[in-house]
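Engineer: Could you build all of it, start to finish, from the sequences and the hints given here?
Mapping to our numbering: the sequence shown position 18 is 218, numbers consecutive.
Since the hints were derived computationally from the structure, they do not count as laboratory data.
What you are looking at is a predicted structure, and each value in this text was computed from that prediction instead of being measured.
Errors might be hidden in some of the hints.
What the hints assert, rightly or not - List of simulated lysine-lysine pairs, DSS-like, C-alpha gap at most 27 angstroms:
1. Lys399 x Lys358
2. Lys316 x Lys214
3. Lys356 x Lys206
4. Lys399 x Lys206
5. Lys275 x Lys316
6. Lys316 x Lys273
7. Lys324 x Lys273
8. Lys244 x Lys391
9. Lys206 x Lys324
10. Lys206 x Lys316
11. Lys358 x Lys301
12. Lys316 x Lys391
13. Lys303 x Lys244
14. Lys363 x Lys391
15. Lys368 x Lys324
16. Lys206 x Lys271
17. Lys215 x Lys319
18. Lys391 x Lys303
19. Lys363 x Lys215
20. Lys316 x Lys244
21. Lys214 x Lys271
22. Lys368 x Lys316
23. Lys398 x Lys303
24. Lys324 x Lys358
25. Lys363 x Lys206
26. Lys301 x Lys398
27. Lys316 x Lys277
28. Lys215 x Lys356
29. Lys244 x Lys259
30. Lys214 x Lys244
31. Lys356 x Lys301
32. Lys259 x Lys206
33. Lys398 x Lys214
34. Lys368 x Lys356
Unchecked claim - Label-pair distances were calculated between CB atoms; the ranges are:
35. Lys214 x Leu380: 26 to 32 angstroms
36. Asp392 x Tyr308: 23 to 29 angstroms
37. Leu287 x Glu222: 26 to 32 angstroms
38. Glu357 x Asn322: 24 to 30 angstroms
39. Lys285 x Thr227: 18 to 24 angstroms
40. Ser291 x Lys358: 25 to 31 angstroms
Note that CB positions come from ideal geometry on N, CA and C, so glycine has one too.
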Amino acid sequence: MEQKNKSILTPHQKKILDFICEERYFTDRYYLAGGTALAEFYLKHRISEDLDFFTEEQKVDTVAITRFFEKNKNKLKIRTFETRKVLGLFSLFFNFEDGEKLKVDFNYYPFPLIEKGTKYKNLKIESIYDIAVDKVHTVVLNPRARDFIDIYFIIKEKGYSFKDLIDKAKFNWHISAVELGARFLEAAELKDYPRMIKKLTTKFGNNFLLIMQYH
Numbered sequence: 201m202e203q204k205n206k207s208i209l210t211p212h213q214k215k216i217l218d219f220i221c222e223e224r225y226f227t228d229r230y231y232l233a234g235g236t237a238l239a240e241f242y243l244k245h246r247i248s249e250d251l252d253f254f255t256e257e258q259k260v261d262t263v264a265i266t267r268f269f270e271k272n273k274n275k276l277k278i279r280t281f282e283t284r285k286v287l288g289l290f291s292l293f294f295n296f297e298d299g300e301k302l303k304v305d306f307n308y309y310p311f312p313l314i315e316k317g318t319k320y321k322n323l324k325i326e327s328i329y330d331i332a333v334d335k336v337h338t339v340v341l342n343p344r345a346r347d348f349i350d351i352y353f354i355i356k357e358k359g360y361s362f363k364d365l366i367d368k369a370k371f372n373w374h375i376s377a378v379e380l381g382a383r384f385l386e387a388a389e390l391k392d393y394p395r396m397i398k399k400l401t402t403k404f405g406n407n408f409l410l411i412m413q414y415h
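Structural biologist: Here you go:
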C-alpha cells in the first residue's frame, strides 16, 4: 500500500530531524541527503532507517555535534549513544529508552549541489537529481540493493537519462563500460532489500537493466 502523504520517518527520526531544524549550527552547515531524504521528501517508495547529513565544510565538528546530543539527550529519550569517526564521516549510534536504535551520520562531502532541493522547516534537503547522481557513484563503489532500487524508482518516475547522471558525476572517477555493466548485473543478485512501500516486482533485477538501457 502506497503512502502518498504519510511520513516514512519513525518517531525517533522525526524528532531528531525536528530538533536539528531548530538549531542554526546545523541549518547553516548541513543538508539532509541520501535515501531518507529521497524516500521522505520525494518518492515515498521505501523505508529508510537512518539519517544522513552532508556538509561542504571541511571539518565535521564532532565536539559540537556530541555536545548538542548530550544537551538534548533527555528530551530525545536517548538512553545511551556511541560515536565513531572515520575520516570525514562522524556517526552516532543511538539507543532509545523504548529499545529502538538509530544511526545518524554527519559527513564531509566537498561537492557543490547541482540543483536546489526542497526545504523542511529551516533545513535544506538535497535535490532528487543530486541524490540520483550520488547514488550512481555509490553503486560503483559499494553495491547495495537499496541503492539500485533508489536509482530504479528515480529514473522510472522522473525520466532522467542514466548517461546524463554518469556525466554529472561529482567525482574524478574512471570506470569502464564493462565494469559498470558488471555492477548492474549485481542488481539481480542482491537480496538485502529494504522494506518497501511501493511495490517492487520480483523481476526487479531484469527491469533495472532494461530501464538503464532505454534511458
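Engineer: Does each hint hold? Answer for all of them.
Structural biologist: Status of the hints after comparison with the structure:
{"no.": "1", "hint": "Lys399 x Lys358", "verdict": "17 angstroms, holds"}
{"no.": "2", "hint": "Lys316 x Lys214", "verdict": "23 angstroms, holds"}
{"no.": "3", "hint": "Lys356 x Lys206", "verdict": "21 angstroms, holds"}
{"no.": "4", "hint": "Lys399 x Lys206", "verdict": "16 angstroms, holds"}
{"no.": "5", "hint": "Lys275 x Lys316", "verdict": "32 angstroms, violated"}
{"no.": "6", "hint": "Lys316 x Lys273", "verdict": "33 angstroms, violated"}
{"no.": "7", "hint": "Lys324 x Lys273", "verdict": "24 angstroms, holds"}
{"no.": "8", "hint": "Lys244 x Lys391", "verdict": "21 angstroms, holds"}
{"no.": "9", "hint": "Lys206 x Lys324", "verdict": "20 angstroms, holds"}
{"no.": "10", "hint": "Lys206 x Lys316", "verdict": "24 angstroms, holds"}
{"no.": "11", "hint": "Lys358 x Lys301", "verdict": "33 angstroms, violated"}
{"no.": "12", "hint": "Lys316 x Lys391", "verdict": "33 angstroms, violated"}
{"no.": "13", "hint": "Lys303 x Lys244", "verdict": "20 angstroms, holds"}
{"no.": "14", "hint": "Lys363 x Lys391", "verdict": "26 angstroms, holds"}
{"no.": "15", "hint": "Lys368 x Lys324", "verdict": "21 angstroms, holds"}
{"no.": "16", "hint": "Lys206 x Lys271", "verdict": "30 angstroms, violated"}
{"no.": "17", "hint": "Lys215 x Lys319", "verdict": "16 angstroms, holds"}
{"no.": "18", "hint": "Lys391 x Lys303", "verdict": "22 angstroms, holds"}
{"no.": "19", "hint": "Lys363 x Lys215", "verdict": "38 angstroms, violated"}
{"no.": "20", "hint": "Lys316 x Lys244", "verdict": "20 angstroms, holds"}
{"no.": "21", "hint": "Lys214 x Lys271", "verdict": "18 angstroms, holds"}
{"no.": "22", "hint": "Lys368 x Lys316", "verdict": "15 angstroms, holds"}
{"no.": "23", "hint": "Lys398 x Lys303", "verdict": "24 angstroms, holds"}
{"no.": "24", "hint": "Lys324 x Lys358", "verdict": "21 angstroms, holds"}
{"no.": "25", "hint": "Lys363 x Lys206", "verdict": "33 angstroms, violated"}
{"no.": "26", "hint": "Lys301 x Lys398", "verdict": "24 angstroms, holds"}
{"no.": "27", "hint": "Lys316 x Lys277", "verdict": "34 angstroms, violated"}
{"no.": "28", "hint": "Lys215 x Lys356", "verdict": "31 angstroms, violated"}
{"no.": "29", "hint": "Lys244 x Lys259", "verdict": "32 angstroms, violated"}
{"no.": "30", "hint": "Lys214 x Lys244", "verdict": "15 angstroms, holds"}
{"no.": "31", "hint": "Lys356 x Lys301", "verdict": "32 angstroms, violated"}
{"no.": "32", "hint": "Lys259 x Lys206", "verdict": "35 angstroms, violated"}
{"no.": "33", "hint": "Lys398 x Lys214", "verdict": "21 angstroms, holds"}
{"no.": "34", "hint": "Lys368 x Lys356", "verdict": "19 angstroms, holds"}
{"no.": "35", "hint": "Lys214 x Leu380: 26 to 32 angstroms", "verdict": "37 angstroms, violated"}
{"no.": "36", "hint": "Asp392 x Tyr308: 23 to 29 angstroms", "verdict": "26 angstroms, holds"}
{"no.": "37", "hint": "Leu287 x Glu222: 26 to 32 angstroms", "verdict": "29 angstroms, holds"}
{"no.": "38", "hint": "Glu357 x Asn322: 24 to 30 angstroms", "verdict": "28 angstroms, holds"}
{"no.": "39", "hint": "Lys285 x Thr227: 18 to 24 angstroms", "verdict": "22 angstroms, holds"}
{"no.": "40", "hint": "Ser291 x Lys358: 25 to 31 angstroms", "verdict": "30 angstroms, holds"}
Hints 5, 6, 11, 12, 16, 19, 25, 27, 28, 29, 31, 32 and 35, counting from the list given before, are not met by this structure.
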